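Following the hints, put chain B in place on chain A, whose structure we already have.
Line by line, the protein sequences give chains A and B. Those letters in the first sequence? Residues 1 to 346, per the working numbering, in order. Those letters in the second sequence? Residues 1001 to 1307, per the working numbering, in order.
Some clues are possibly wrong.
Said to hold, decoys possible - No more than 27 Å apart at the CA atoms, straight line, and that leaves these computed lysine-lysine pairs for DSSO-like:
no.	chain 1	residue 1	chain 2	residue 2
1	A	K115	A	K130
2	A	K289	A	K328
3	A	K53	A	K346
4	A	K147	B	K1152
5	A	K71	B	K1272
6	B	K1272	A	K289
7	B	K1148	A	K147
8	A	K182	B	K1066
9	A	K346	A	K332
10	A	K235	A	K130
11	B	K1272	A	K93
12	B	K1152	A	K174
To be verified - Computed spacing ranges between beta-carbons, pair by pair:
no.	chain 1	residue 1	chain 2	residue 2	range
13	A	A90	B	V1037	36 to 44 Å
14	B	F1044	A	E137	55 to 63 Å
15	A	K41	B	F1044	56 to 64 Å
16	A	A90	B	K1152	55 to 63 Å
17	B	A1042	A	N342	43 to 51 Å
18	A	E137	B	K1152	24 to 32 Å
19	A	S40	B	P1130	19 to 27 Å
The set of hints was computed from the structure by calculation and includes no laboratory data. Fair warning: this is a prediction, and the values are worked out from it, not measured in the lab. Ideal Cβ positions, reconstructed from N, Cα and C, are used throughout, including at glycine.
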Amino acid sequence: MKNFISLSFAFVFLFFPALPWAKGVELLGAGATFPYPLYSKMFYEYWQLTGGKVNYQAIGSGGGIRQLINKTVDFGGSDAFMNDEELGRAPAKILHMPVCLGAVVLTYNLPGNPKLKFTPDLVANIFLGKISKWSDERVAEVNPEAKLPDIPIVVVHRSDGSGTTFVFTDYVSKVSSEWQGKVGRGKAVNWPVGLGAKGNPGVAGLIRQLPGAFGYIELVYALQNRMPVASIRNKKGRFVQPGIASTSFAATVPLPEDTRVSLTNTDAPEGYPISSFTWILVYQEQAYKKRSIEKADELVKLLWWMTHEGQKYVEPLNYAPLSAAAVKKAEKIIRWITYNGNPIQK
Amino acid sequence: MGIRSKNKAAAPAPRIPGQRAEPIFQKSLVLSAMAIVVLLAAIFVSLLIHSFPSVRAFGLTFFFSKTWNPVSKEFGALPFLVGTLLTSFLSLLICLPFSLAISIFLGEYFREGPLASFLKNVTELLAGIPSVIYGFWGLFVLVPIVRKVEMKLGIAPYGVGIFTASLILSVMIIPYAASIGREVISLVPSDIKEAAYSLGATRQEVITKVMLPYARSGIMAGILLALGRALGETMAVTMVIGNSNFLPLSIFSPGNTMASVIANEFTEATGKLYLSSLIEIGLLLFLVTMVINIIGRHIIKKVSIEV
Chain A
1 MKNFISLSFA
11 FVFLFFPALP
21 WAKGVELLGA
31 GATFPYPLYS
41 KMFYEYWQLT
51 GGKVNYQAIG
61 SGGGIRQLIN
71 KTVDFGGSDA
81 FMNDEELGRA
91 PAKILHMPVC
101 LGAVVLTYNL
111 PGNPKLKFTP
121 DLVANIFLGK
131 ISKWSDERVA
141 EVNPEAKLPD
151 IPIVVVHRSD
161 GSGTTFVFTD
171 YVSKVSSEWQ
181 GKVGRGKAVN
191 WPVGLGAKGN
201 PGVAGLIRQL
211 PGAFGYIELV
221 YALQNRMPVA
231 SIRNKKGRFV
241 QPGIASTSFA
251 ATVPLPEDTR
261 VSLTNTDAPE
271 GYPISSFTWI
281 LVYQEQAYKK
291 RSIEKADELV
301 KLLWWMTHEG
311 QKYVEPLNYA
321 PLSAAAVKKA
331 EKIIRWITYN
341 GNPIQK
Chain B
1001 MGIRSKNKAA
1011 APAPRIPGQR
1021 AEPIFQKSLV
1031 LSAMAIVVLL
1041 AAIFVSLLIH
1051 SFPSVRAFGL
1061 TFFFSKTWNP
1071 VSKEFGALPF
1081 LVGTLLTSFL
1091 SLLICLPFSL
1101 AISIFLGEYF
1111 REGPLASFLK
1121 NVTELLAGIP
1131 SVIYGFWGLF
1141 VLVPIVRKVE
1151 MKLGIAPYGV
1161 GIFTASLILS
1171 VMIIPYAASI
1181 GREVISLVPS
1191 DIKEAAYSLG
1201 ATRQEVITKV
1211 MLPYARSGIM
1221 AGILLALGRA
1231 LGETMAVTMV
1241 IGNSNFLPLS
1251 IFSPGNTMAS
1261 VIANEFTEAT
1271 GKLYLSSLIE
1281 IGLLLFLVTM
1291 VINIIGRHII
1301 KKVSIEV
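Chain A on its own, in the form it takes in the complex (with noise of 0.2 Å):
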């Protein structure tokens, strides 16, 4: 009986590791796979600093958007904005804030792996199934100097709901209004060719497998595997090869005050053309479903951290920190957070 006894409190300690006398302030995030290790390399420094603990779930930016509406968490994180049409079914005023950028790079698998060249069209095209065979020569013509062998092109995409493919996606809508009539914009779209691959890993996978493949991966991931990477040709005509500069280069445009912008084609001339911000989201109003002011306190203050100090913390992680403008947006995101219509950052 006795044993029984210790048995089911080491079960009731297994199951709610954090019981409530034992718990200070504790924040809860969910959302985003894609800045995941930054995010747990973030909260683990701010931890150690501060001792303030947070806890995020890498469940994906939908899956972190529906937490918050349901305000099981004190913050989302997302790759994409929520439109107005999402922000309006939230209960309540939901605000984004810029953590750091990503980019989604092409990759591809030919013999040698020569630097290849593309211009909106041709990504769109090869996309579209229109250009079906590496030896095409509207190929050719743009990489003049690369061999480029007679097999068909494998296009690989990923077969999950993502990020990565809203971002790659809402590039290529607004490069070709082709792509945008038939196929658009979002997480997960009617491919008009292709395979699909779970997560950046299985696309990876499959193209590193697959002579001929070509498919979109996000930078980080390229960048750790070592996998040859496109340039590609942006809105001022300048091919730019994908990096930790060029991806912050492209946040380098008048920035909305809400910083809800999609920055794919950017007009920045050294831009880099498929990068993306990634947001953390909160509530305006801090003070509902009877938090307390401590939390509202605890959370500005992370979120000042990430955006500031916390910020050395990005790019040896291969993520592309946030522009000086673009901090001085977050920062007046950050004010307008409030307690009771009190703002708490002052």
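Using the frame of chain A, we list chain B on its own:
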């Protein structure tokens, strides 16, 4: 233990031990059996409720439409339905000779001994490997092999597709079909076998003409269990099927299954109709599994020998 000691304290008169425990035991059995039924009904009802927006929007066209377009919010489940049925039955076809051979071998030829227990454990171990590991193995070992075969055959060498998914599935479901088959084959009464032998039958004749017919309903039950597993398998299939939402043109073309489209798109499905359509696919999978099970039970009843 607690109940029995209480018994002694409350009633010193002679009693059959465990008498009071009997109704409690029985009640708890009934309760847990009922819980299963309630759970099943609850799953069905909640799927039905949540898929209602999609049912109202698409009606029956949901089952016949080939388009799955989250952007324009048009949803049709036909490619996934076909993909699921094709991979499941193809894998069953591939697994059948192997699982039958294993069950005969272990149920009749080598019932005991180190080799038999080794083989038995290995087969059962197959069932314990997590499906994501099967998926990885499929992606890195099976896919290149299938690609080579496809190149020899002169078809588009993707490597991934319905056929590769069926191969992986067949390996995964062998233990289910084989272990039940072995069990029923070893349960064939020895007097029937001996009778056949005494009439001059060879061992092969005894197996094919006496034992298999006797055990066929049990073997069918094993196959049904295996099929159920194949219908619902998600992770391993997703990794090797190619995930393209078109109607498969041949068994080598890439496709998609109901389970894998749910797993792929559920987390990021924003929008009511999108989510509800995914849930309706879940409902469809539930119904397909149920229908196949009912048909299977019917077949088992038909083929079983009245003893």
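List, from low to high, the hint numbers that the structure doesn't satisfy.
Structure breaks hints 2, 12 and 15.
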